[in-house]
Each structure stands twice: as structure tokens, then as C-alpha cells.
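Given next are the chains, with one letter for each unit.
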Amino acid sequence: MSIAAAQKKGFMAAVWDYLTTVDHKKIAKLYLFAGGFFFLLGGLEALFIRIQLISPENDFLTAGLYNEMITMHGTTMIFLAAMPLLLGLMNAIMPLQIGARDVAFPFLNSLGFWLFLFGGVLLNCSWFLGGAPDAGWTSYAPLSIQSPGHGVDFYIMGLQISGAGTLIGGINFLVTIVTMRAPGMTYMRMPLFTWTTFVTSVLILFAFPALTVGLFLLMFDRMFGAAFFDVTLGGNSVIWQHLFWIFGHPEVYILILPAFGIFSDIISTFSKKRLFGYTAMVFATILIAFLGFMVWAHHMFTVGLGPVANAIFAIATMAIAVPTGIKIFNWLATMWGGSITINSAMLWTLAFIPSFTIGGMTGVMLASAVADYQYHDTYFVVAHFHYVIVGGVVFGILAGLHYWWPKMFGRILNETLGKISFWLFFIGFHLTFFIQHFLGLMGMPRRYWVFLEDQGLDNGNLISTIGAFLMGIGGLIFVINIIYTSVKGEKASADPWDGRSLEWAIPSPPPFYNFKQTPLIRGLDPLWIEKTEGKGKITPAEPLGDIHMPDASILPFIMSFGFFVAGFGFIYQVDHSGWLAAIFIGIGIALICMLIRSLKDYHGFHIHKEDLEREAD
Amino acid sequence: MIGWMGKRKPLFLFGMLALLLAGCGKENLTAFEPKGYGAESSMNLIILSIIIMAFVFAIVLLVYVITLVRFRKKKGQEDFIPKQVEGNKTLETVWTVIPIILVLILAVPTVAATFDLADKSEAQDGINVEVTGNQYWWHFNYEGDEVQTSQDLYIPTGERVYLNMISSDVIHSLWVPSISGKMDVNPENVNTMYLQAHEEGVYWGKCAELCGPSHSLMDFKVVAVSPEEYEQWISDMQSVDPEAEPEDAVAQDGKALFEEKSCVACHAIGSSPNATGPNLTNFGDRSKIAGYLEPTEENLVEWLMDPEAIKPGNKMTGNYPEVSEEEAKQIANYLLQLKPSDISPESAGN
Chain A
1 MSIAAAQKKG
11 FMAAVWDYLT
21 TVDHKKIAKL
31 YLFAGGFFFL
41 LGGLEALFIR
51 IQLISPENDF
61 LTAGLYNEMI
71 TMHGTTMIFL
81 AAMPLLLGLM
91 NAIMPLQIGA
101 RDVAFPFLNS
111 LGFWLFLFGG
121 VLLNCSWFLG
131 GAPDAGWTSY
141 APLSIQSPGH
151 GVDFYIMGLQ
161 ISGAGTLIGG
171 INFLVTIVTM
181 RAPGMTYMRM
191 PLFTWTTFVT
201 SVLILFAFPA
211 LTVGLFLLMF
221 DRMFGAAFFD
231 VTLGGNSVIW
241 QHLFWIFGHP
251 EVYILILPAF
261 GIFSDIISTF
271 SKKRLFGYTA
281 MVFATILIAF
291 LGFMVWAHHM
301 FTVGLGPVAN
311 AIFAIATMAI
321 AVPTGIKIFN
331 WLATMWGGSI
341 TINSAMLWTL
351 AFIPSFTIGG
361 MTGVMLASAV
371 ADYQYHDTYF
381 VVAHFHYVIV
391 GGVVFGILAG
401 LHYWWPKMFG
411 RILNETLGKI
421 SFWLFFIGFH
431 LTFFIQHFLG
441 LMGMPRRYWV
451 FLEDQGLDNG
461 NLISTIGAFL
471 MGIGGLIFVI
481 NIIYTSVKGE
491 KASADPWDGR
501 SLEWAIPSPP
511 PFYNFKQTPL
521 IRGLDPLWIE
531 KTEGKGKITP
541 AEPLGDIHMP
551 DASILPFIMS
561 FGFFVAGFGF
571 IYQVDHSGWL
581 AAIFIGIGIA
591 LICMLIRSLK
601 DYHGFHIHKE
611 DLEREAD
Chain Z
618 MIGWMGKRKP
628 LFLFGMLALL
638 LAGCGKENLT
648 AFEPKGYGAE
658 SSMNLIILSI
668 IIMAFVFAIV
678 LLVYVITLVR
688 FRKKKGQEDF
698 IPKQVEGNKT
708 LETVWTVIPI
718 ILVLILAVPT
728 VAATFDLADK
738 SEAQDGINVE
748 VTGNQYWWHF
758 NYEGDEVQTS
768 QDLYIPTGER
778 VYLNMISSDV
788 IHSLWVPSIS
798 GKMDVNPENV
808 NTMYLQAHEE
818 GVYWGKCAEL
828 CGPSHSLMDF
838 KVVAVSPEEY
848 EQWISDMQSV
858 DPEAEPEDAV
868 AQDGKALFEE
878 KSCVACHAIG
888 SSPNATGPNL
898 TNFGDRSKIA
908 GYLEPTEENL
918 VEWLMDPEAI
928 KPGNKMTGNY
938 PEVSEEEAKQ
948 IANYLLQLKP
958 SDISPESAGN
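As given, the protein sequences belong to chains A and Z, one line each in that order.
Just so you know, we're using the numbering used here here: the first sequence kicks off at 1 and counts up by one.
Just so you know, we're using the numbering used here here: the second sequence kicks off at 618 and counts up by one.
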């Protein structure tokens, strides 16, 4: 099947193609589309929150609905927007950067996506089925146990299913990077984005099980009468906080490390310089990831763990500032002496450096345990984590999208629209969140449905809301840019940015087999090396031959649907035992799919050498 | 560092910054204007960390701006290929070691303050108050004195008042920004912190851990009075006669209704260490109704007739027979004249 043949088919065929695809580039597009949708949804929820807080004692939302809104905003943005968008970029780019034709387990790749999507849809079904979860995205017990209705049940099942998808994705990337690097692509020649994908996958592998366990315990407490977190029956609610943050803190690095990778690649490309201190950058990444597991209790300074625990976790947290500082200075040093081009991708990157530095510094301030007694659970914390997550992760995703859009979609995003959306979003972002540092210390705790009159909090909140709307408009213009570009955008060449890494050596968008011949890598920035010292083209490591490709499959979709059905069963069997049937049917569907997958041989197919030669003409 | 203003420069900066931040927010609420021991400890660290961080930020910004000005691609040099630098050992060592030193400068006082604030060695001899967090109100039991209040916590200035805190339902967090940082109020264990106010006054307290729909309305007050006044207040509270008949007839009817409508089942007047509902002994002195409304009869009537509208998710709604507006007024009249002491938030002065 050639690409041309695939394009001629109708709309339904295209839908079927995406439902069954195991191609990492198409799965990447699915991740980006779904993640983008949830990002807009989470953004809408954020605007509702800010409208409610535009003036004191406002009644735009009821107290209960407000709590649902903050819970869903946080949960959606972290699990259903930021992570999938990053997984999308990793899927699209990482295999290209290491010279692979696909990921190690294409079938699992598809399964990971569909599990995430069905989990996310399940979670959002709660809006229409009696109310969304309302115990905060951290879902602290016992509030989460006492929460009436099924909102928190949807949180548990939705995250459990989508979390499994993420875990599968992480393992897949790990194996891919370990086993599928092209000849000559040693670890210390991998681009930083691939490195951070690798380290992030390790984090996913070790952090997500803690969440899975926590959610299981919560599930049994809520649905099957257990009492792990119920103090009156001998349980302990602080355990939930430990489990959640043993996952939750590394999660922050799961989000930010890939963004660091994106920035590293972009800065190096648009400064026309090799990344300064590459080795230090790699080890700083690993060190941040390692320390990321040692600091979870800094989210719990006020829990009453005692001065010894607080002191240890305070110092461990401050230590993270060191490798992060190394990264900031290495980026600056990369630009120093370079020839810097400033376009949209680079604008997001340049905006990231001071914004994230502020977020990192408030992070160190928060690490000082006694100071945290004041910051904790106030708008200071809200400001801090939005500075790192928006100023770091969202800026990173947007930079990455501008940078790799030509590679993924074959068209260059419009620069004018890109710059307009950047400035609106950037100004809006600082307007929204900078003032919140002060609001927090002025006595505004987070998750407050209303703030009272005459507490000096009016102006700050008004400014914050105005900023939020600017961000919203900036985001919308980015969406318009995508639509405009896909209709009228400038076609991209294989290497529109004078790139350095391997993905720019193949056409934009790449053929579905990526590399006609597996490339031979001669050093860091392989394409740059060939452009400056070689003959301008990557040397193949093998003669042209048949390429083996995996079969498409609908099984991942059906399997995920089975878990989705079972999810409803678990949630509603509390009300009526008839719903147990849904559990059996759902799990049954999944098991049958697994059985088919195990028993049926998938041979894949070959692209013949002759076809490859013909396509070259 | 020596030069302009010599050795006093850091001190001067310190003072300027404190002055600048003090203008932020409402007095007796904002953490920027510390009026207690804990809040001061926190503020010292906040200012120290801001200074260190501002220093780092200035350097980053300086390098950043110079880089962008000097090294943007120049017209006519589009083909210029910069030198491909691998790294620089000296530079990289410098920006590893300096941050380590800066972090240490912050870490040492942090650890010291953490242990200092956790010191409970004098708790035995000090004033101990048992605090119970409830959805959405606070219960204060002055240990050994057989005095209880809710929502208004009375403390003497200059002394450490130890709060032994536990929750009756979900996790809360007690925060009085002007006097001290916060500590969680867990259902499973007693957490102890202390409040030490330097000046008399009425300080805002807040719940800082999401505890349900009315989380944002779980405000309370800390009434700091002089030690003599505190003694006076305790003895006034101890000598309250819960059975005392009010003077005017409306309030007398109110008292009868208070029992008839089963208010008394949850709300104690007089000493009662364990309470299902807020203790109302000094209700007439309370600075707020339902934690945040002005203590007027009108507000109280509204609260009695439809608590759900005022505090969503509260435990009072539906737990007593309906009261008419007339009846609510009578009960309000009775409750608002419960003023056992001359020492009140009003006298503590704002």
C-alpha cells in the first residue's frame, strides 16, 4: 500500500485508518488532537474559575460546582492535556531522532493511546451523570471518601484506565530507545529531546505504580467498603497523601523534562550552535529525575510530619535548584556567541527562560519549610506551579509544536499569527499569575470558591481574571493558526530550519516507513556534521532492501472500550448489583481481545525494494 | 559587596523590602505584616530567600539580555556559522558551585527555624487549647479551665498558646497569617502548634485545606488581649450561668424556642467540652456570624431560616424544625444578648 493509495480513500476509510493505526506518526497526531481538545476544555474550566473570582462574593458558580471546576481543571490539564500533548510530540519525533522506523511495540503504542482517551472520556462523562469529582485534583482522603455522588468514582476509574495507557506508553519508549537506535547512535549522541523522553519514561515507570496503588485503595474504600483511609475504622488518611505525592512529584518532572528537551533542541538549532555542556545537560536531567523521587513530602510540610522530616525534605528540594540552574546557564551559554534567529518557536523558548526561572525560584522559596507554612495551600503555590507548568511545560509544548509542525504535517505554521498568539498568551500569563504570589501571602488560600469583601484581595483577582482572558484569546488564535495553516500554510521542505538532528534528514512529512535505509550516525547532531563536514546527506548504514512493517489492528480500540464499559460497571455496581454485569462484559471484551492478540499470528507486511525505488523517482 | 553603604547594605535592603511588602493587603490578615512569632520566623526566611533569588534572577536576566542583544543573526551575515563550542569546565564549575553555596545560605536558617517552631518543651506549663476542626467551624476548648468557645479564639499577648488540633471529619488547616503559618488539622492525630501574638488585636484566621463546599467560608478570629484581660475573660466565662433568664420578654421567648426547636441538642451554652455544634456561650460577643457575616440581628435571622444559602453543605441545615421569621427573631434576640464578659473582640480593638 503506497501513501498515494491511502489518500485516495474516503472519509470513513480515513477514520478506520486512524482507529487501527499502529504508525507512531499517526498515533502522535491522535495524541495531539485529543490532548489539544482536553487542553481547550481545561482552559474553559479555568476561565469559569476566573470569572467566579472576578469580584468578591461572586455567585457565578455555586460552591459545589466551583469545587468540581477546580478539580476537573487540574485533573484535565495534568493527565489529559499536558501529558498526552508531550506523549504526542515524543511519539512523532523520538523515533525519527534515533533513526528508527517505529517504536518497539507499535500495537502497545496504539493501546496506550486508546486507554488514555477512553479514560479521559470516562472521567468527563461525570459532568453529565450527576456531577464531576469535587475533592481537588489531589483528591485527599477523607474528603474524597465522603464526597457524595459518583464524581470521585469517575476520577478513580478514569485515571486508573488512562494511567495504564501512560504506563504502557512509557515502557514502550524505554524499550524503543534502548533497542532501536540506529548504528552509531550511542547514548551520548542522542539529542536532548530523546534523552529527556528516555528519562521521563523511567519516571513514568516508577511513579505511576504509586498512583495506581493509591487509586486502588481509594476505589476499594469507596466501592467495596474497605477502610484504608477511614480513620474511624482504623485507617489512615495521611497515607493517601504520601502515595499521591510519591507519584505526584515525579509527575511534575514527567511534564517538565520533555519540555527541557524541546527547548534544548530549539535553542541549539536557532543559535546555530552545538548544545553547550551536552554531558552536563544529560547528567543534570538524570539528577533532577533522581532527586524528583526524594522530595515528595515537601507537599506535606504542614501535615505535621515533624521537624526532622521537614528539614530533610526541605534540603533535598533545594538541591534540585542546582541541576536546574546548570540547565538554565547551559542554554544561555549555547546562545552566547551564536547566530540567533527569533521566530515563533524561539519566542516561546526565549519566554520560557525568565518565566521558568521565576517558577524555579519560587520553588526554592517554597522549599524553605518554615516559609512554606505561610505559602502552603495559598495562591502563592497556585502562582508557583502555574509558572513552572505554563511557563515551562505549556511554553515547551507550543515551542515544540511550532518547531516540529513542518515535520509532522508538512506545512509551516503562520509566523504572524504565531507571534500574535504568543504575545497575547505571554502577557496574559504574567498578568494572571504574577499577582497571585502576592494574593497568597495577603491571605487568600487556594481553592476558595469566594473571597470576602474588604480583605484587600479585589484588585489582584480582577487583574488575574483579565490576564486569564488574554491567555484564552492567545490560545484561540493558535487554534486559528492551525486551521489556517492546514488550509493555506506554506509547504515545508525536509529541513526548513537548517536543523541538526536526524528528523530533518527525511522528507516532511516523513514516509510511513520513516527511513528508506537505516542511517549511520557519526556523532552528536548527525545532520549538522554531514552538512558541515560531509556530503550534506546522511550515509545509509545498509543497502536498500525490503522493509518489514507491522499490521494495523482494531484490537487496541476494542480492548480499551472494554475497560471503559467495565469502568461504568465498577462505578454503578454500588447502586445496583445488576451493574456487575457491565464489569464482566467489559473485562470479557478486553480478555477476548487479548486472547485473539495472543493466539493469532501477526506477520506484518513488507514494502518491497522495487516499490521503494519507484517512490524515489 | 563592600562599597556603597558598606556592611550595612544587606540590612538596609532587608528593611526596604520589608517596608515595601508591608503595604500589601489588609492589616491583621496579610502575612506581609507579621504580628506574631511564627509569622515573623516565616517572614525572615521569605525575605532572605527573595534576596537570594533576586540576585540569581538579576544575573540570569543580565546574561539573557546581553546574549539577545549581541548575538542575534545580523543582516549580511546570514551564512555565518558560529564556533561550535562543546563546553567550558571552569564556567560549568562556577555555575554549579555558586548555586550550592546560595542554597546552603538558605538551608541553614531554614533548618534552624523548622526545629525552633517545632519546639514544644514549654507546652506543659503554657496555655493549651484543644482545637477541633469541623465542617465548617472551629471548636476551642481551653484545657484545664472548663471554658469553650467556637469561632473566636482568645489568647493572651506575649505568651505561647499551644493548639492541640484534631479534626472531627475531613482534613482542615488552621492559618492565622498575621500571627503564624498554618498546620493541618488531621482526623487521625493531634497536631500541635503555637500562637504567640505580639500586639492586641483581632486577627483573621482561615481554613487552608479544601474541606468541602464551604471551605472558603470557614473563617475564624483570634482575639489577642493582654494577659490580665485574658485572666479576666476566663473567669467571666467560668462564672456564666447557662440557665440565667434574659431580661427582656422577646429574649425570654427566644430562650424557650432555643430549647423547643432542639437547638440545644447540638449547641451548648455554658461549659461542654465536646460539642456537635458550635458553643454559643459568648455568642453576643462573636465578631462574626457563620464565620463571615456581620453580627447583626438581620444576618442571624437569615442564617437561622436558611443556613444552606449562607454556608452550603453545613451540618445545621435540615436538623431542626422549621422556624418562622418571628421565631427566628426571638431566638436571635436571645443569642445576641449572650455577652458574659466585657472582654470581647470589640474591646480588643481594631
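Just to be clear, a hint being listed does not mean it is correct.
One side only, chain A facing chain Z, incomplete, derived with CB under 8 Å [unchecked claim]:
| # | residue |
| --- | --- |
| 1 | Val15 |
| 2 | Asn58 |
| 3 | Gly136 |
| 4 | Ala351 |
| 5 | Pro354 |
| 6 | Thr357 |
| 7 | Phe438 |
| 8 | Arg447 |
| 9 | Thr518 |
Cβ-Cβ distance ranges computed for the label pairs, FRET-style [to be verified]:
| # | chain 1 | residue 1 | chain 2 | residue 2 | range |
| --- | --- | --- | --- | --- | --- |
| 10 | Z | Ala866 | A | Ile466 | 32 to 42 Å |
| 11 | Z | Val807 | A | Ile558 | 47 to 57 Å |
| 12 | A | Glu533 | Z | Lys692 | 46 to 56 Å |
| 13 | A | Gly306 | Z | Ser879 | 56 to 66 Å |
| 14 | Z | Ala675 | A | Ala226 | 49 to 59 Å |
| 15 | A | Leu476 | Z | Ala675 | 32 to 42 Å |
| 16 | A | Phe33 | Z | Asp736 | 26 to 36 Å |
Simulated from the structure, these hints should not be mistaken for laboratory data.
We treat Cβ as the ideally placed atom computed from N, Cα and C, and that holds for glycine.
So, going through the hints one by one against the coordinates:
no., hint, verdict
1, Val15, "violated (42 Å)"
2, Asn58, "violated (11 Å)"
3, Gly136, "holds (5 Å)"
4, Ala351, "violated (11 Å)"
5, Pro354, "holds (6 Å)"
6, Thr357, "holds (5 Å)"
7, Phe438, "holds (6 Å)"
8, Arg447, "holds (4 Å)"
9, Thr518, "violated (26 Å)"
10, Z:Ala866 x A:Ile466: 32 to 42 Å, "violated (55 Å)"
11, Z:Val807 x A:Ile558: 47 to 57 Å, "holds (53 Å)"
12, A:Glu533 x Z:Lys692: 46 to 56 Å, "violated (28 Å)"
13, A:Gly306 x Z:Ser879: 56 to 66 Å, "violated (43 Å)"
14, Z:Ala675 x A:Ala226: 49 to 59 Å, "holds (54 Å)"
15, A:Leu476 x Z:Ala675: 32 to 42 Å, "holds (35 Å)"
16, A:Phe33 x Z:Asp736: 26 to 36 Å, "violated (56 Å)"
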